[in-house]
Amino acid sequence: RKEVEQDPGPFNVPEGATVAFNCTYSNSASQSFFWYRQDCRKEPKLLMSVYSSGNEDGRFTAQLNRASQYISLLIRDSKLSDSATYLCVVYFGGYQKVTFGTGTKLQVIP
Amino acid sequence: NAGVTQTPKFRVLKTGQSMTLLCAQDMNHEYMYWYRQDPGMGLRLIHYSVGEGTTAKGEVPDGYNVSRLKKQNFLLGLESAAPSQTSVYFCASSYPLGAGGQPQHFGDGTRLSIL
Chain A
1 RKEVEQDPGP FNVPEGATVA FNCTYSNSAS QSFFWYRQDC RKEPKLLMSV YSSGNEDGRF
61 TAQLNRASQY ISLLIRDSKL SDSATYLCVV YFGGYQKVTF GTGTKLQVIP
Chain B
1 NAGVTQTPKF RVLKTGQSMT LLCAQDMNHE YMYWYRQDPG MGLRLIHYSV GEGTTAKGEV
61 PDGYNVSRLK KQNFLLGLES AAPSQTSVYF CASSYPLGAG GQPQHFGDGT RLSIL
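In order, the protein sequence lines correspond to chains A and B.
Take my numbering: the final residue in the first sequence is number 110, and no numbers are missing along the way.
Take my numbering: the final residue in the second sequence is number 115, and no numbers are missing along the way.
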């Protein structure tokens with residue numbers, strides 16, 4: 001089993017739709033979680049950290065479920081500019097080990 | 001406000017040639033990383049450094065060497081390039097990964113082709 005798994009997609013959604021991605025991780029000792037956004041042929045950029053209590057940043061909401069070992073990203077009112085690949089990142093701690101998922105591709109359609 | 005800068009942006013090499021990729025950061029970060037990204041594989045850690053003068057192997061270190069002589073610079077070397085090293089290389093830096101974790105800041109990548 002991969003340490004971090006994401007559905008590669010693509011998720012094709014119309015503008016204005018709500019879309020959610022999940023990311024599962026295998027190491028129960030994982031300590032920190034992040035969502036990054038990567039545009040085609042560009043570098044990954046931090047979208048948001050994921051806190052135990054969940055957190056929201058505008059149209060984006062991140063949740064952590066430690067019992068089931070997954071994190072989620074919810075995007076409301078999708079914009080064309082949200083089209084990108086979303087990378088889940090998990091930090092296991094103690095070994096300075098950061099693992100990236102392979103990403104979920106989102107395409108927002110006019 | 002440069003952040004993380006990688007040079008060169010693009011390079012084409014012949015099999016067996018050597019080259020060095022340079023990463024420079026101006027955020028006073030302790031930790032620096034080199035990743036490669038291949039289609040369907042995601043980002044894979046090659047080497048990382050937790051401070052000036054120290055380096056460590058990541059997930060896919062074979063065929064690469066690194067040096068961190070100055071805090072702000074992290075060099076990735078290919079001694080004898082192979083076609084399997086054709087990839088996009090990203091450098092990243094962060095504050096120390098304590099219990100709370102710290103996000104990484106990425107350079108804009110080096111696209112390397114080995115013929």
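What the hints contain is simulated information worked out from the structure, not anything from laboratory work.
Computed from a predicted structure; not experimentally measured.
Here a beta-carbon is modelled for each residue, glycine too, at the ideal position from N, C-alpha and C.
Check before you lean on any hint, since a few could be wrong.
Said to hold, decoys possible - A short, non-exhaustive set of chain B residues, derived as facing chain A with CB atoms under 8 Å:
hint, residue
1, 38
2, 42
3, 43
4, 60
5, 63
6, 64
7, 103
8, 104
9, 106
10, 107
11, 109
### Task
Check each numbered hint from earlier against the structure, then list the numbers of those it violates in ascending order.
1, 4, 5, 6
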